[in-house]
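S.K.: The primary structure of each chain is shown beneath.
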Amino acid sequence: MNISPSHAFSVWRRNAVLYRRTWMWNILPNFFEPVFYLLSIGIGVGAYITQMGGMSYMEFLAPGLVCVAAMNGASFEVTYNFFVRLSYQKAYDAMLTTPIEPDDVLAGEVLWAITRACIYGGCFFAVIALVGLAPLPSALWVFPVIPLAGLLFAAIGIAFSLRISNIDLFSFYFTLFLTPLFLFSDVFFPLHERLSEGWLWVAEVLPLLHPVRLARAAFRGEASLILLWDLAYILAVTMLLLVWARRGIRKRLMN
Amino acid sequence: MIVEVSSVSKRFGLRLAVDDLSLEVPSGVCFGLLGPNGAGKTTTLRMIYGVTRPSSGTIRVFGIDIARDPRTVRSRLGVTLQQNVLIEALSPEENLRVFGRYHLLREPELSRRIGELIAFLELSSHATVPVKHLSGGFQRRLAIALSMMNRPELLILDEPTTGLDPAVRLALWSRIRELQAGGTTVLLTTHYMDEAQRLCDHVAIISGGKVIDEGKPSDLIVNHLARETVEFDCAPEEESAMLNGVSFPSHRLRVGRRLMIYLDDATLLINHIRHYDQGDRRALVVRPTNLEDVFLALTGTSLEGGQ
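As they're listed, the protein sequences go chains A and B.
In the working numbering, each residue carries its 1-based index in the first sequence increased by 1.
For the record, in the second sequence the residue sitting at position 123 is 112 according to the working numbering, with numbers rising by one throughout.
None of these hints come from the bench; they were simulated from the model.
A few of these clues could be false.
[Stated by the list, open to error] Derived BS3-like pairs: lysine-lysine, alpha-carbon spacing no greater than 30 Å straight-line:
| # | chain 1 | residue 1 | chain 2 | residue 2 |
| --- | --- | --- | --- | --- |
| 1 | B | K199 | A | K91 |
| 2 | B | K205 | A | K91 |
| 3 | A | K91 | A | K252 |
| 4 | B | K199 | A | K252 |
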């Protein structure tokens, strides 16, 4: 490992400077999105569902959607935006003329993706807390879960982005990977109730499932042993992918 | 020595981009790598600042092995890439600020340095306008300013004036000379022989990844060719008849229909050709021999885009 925290922070800072210039326009959709979800699925669909997982449908949806917001916040940053900085703007080639090393670039970008996940997830949480769907104070435990979800999807996205040569391939990433995760990761229905015993392990492979389970536990204020597995999954997959991404970014920037 | 490149080769797959190349850049000089596109100039520069690893050989910059401590080396040098890398949505001032932070500059030093560079490269008229609205020459000056944020002891410029209009080129040359006068060592690549000749104390001519000759521009010319050049159009089949009877020492080179003859005194040759043409006055150019001619003599190809 060859990370200099101050140099990694200067990479983070570059993105933050650009984001700050347009923060009004960037942050507004973050508020609208949860409102639309809650209106359509919560109030619309939820009207036909009296209970799910032992609570109202709106209450069931809320924690999962916070994780989805964090996932989306991180994912946009490490896919399209990262790829543009890497391949079109050549921002990292400029950084590498200074004492910044590829590991600093990676660390700075992951940190920035986590930041975006926190902004997205935080806005979402603020909205659902305002309408009374977040049982306080226990739901505040979701705050460590948001950056963890951001970290996991930053690692997945960046590992993918470093291996592709064409920006069009991101549509596959979104429609064939993130969308199914969104639909099948315990967000809209309790997955373990719909899967037969023999198939439960398949669900455990899905990355979004783990932050969602952590968030759900936070909202319920109930800890259980399986959460340790969720935490271990997130950290282990992140580590593995970042090790792979390290090799990838060196190969891309230092040929 | 500021830069010592010792027997460095770089292979990309089957292609040998740099072939057992050695260079020494002494302190305080303006050193030029002169060669056509694809000669291995940019790869050599990338190896010098440590973002491309040589396949073999070693490189020391400021006496430090670049493979061992690239951070320290890069904290003391600046690089202007061939392609400007600017943040288009930000102003020159903001670009400088972001870049200064890559070098961990902090206030008040950061603002002081930005002010100095805006003055030095004459960026003040548009210092707060988003970069995307600025002209090519302005953007190039900003790119050079960025590479100077850390007060580099060694400034590496990859084709600093390619694509710029003559006035901007002249202005940039004078800035580079000022820097050099202030003690900065400059290492630049170019495929413009006039740039190399006017700016560089020392030139290495590169072709096919090798240094084929190096020295002071004026020495290179004297060593390879005569002082004067007579240049004119003449079909290959006409050449021997026309120059029949020319007895004084001369050296000839041809690019297509264009014939160049190098000699110490052009007068005799001009008279000879005028006599041969019998009143039908052909357009002759008489000029001092330059590095382009040396390059042609050494490699058989011209600098800009091959034959």
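S.K.: Evaluate each hint against the coordinates.
M.R.: Verification of the hints:
The straight-line distance between the Cα atoms of K199 of chain B and K91 of chain A is roughly 28 Å, inside the 30 Å bound, and the hint therefore holds. Between the alpha carbons of K205 of chain B and K91 of chain A the distance comes to roughly 35 Å, so the proposed pair goes past 30 Å and is violated. Restraint check for K91 of chain A and K252 of chain A: the C-alpha separation of about 15 Å stays at or below 30 Å, so the hint holds. Proximity of K199 of chain B to K252 of chain A is assessed by CA-CA distance (about 25 Å); at most 30 Å being required, the pair is judged to hold.
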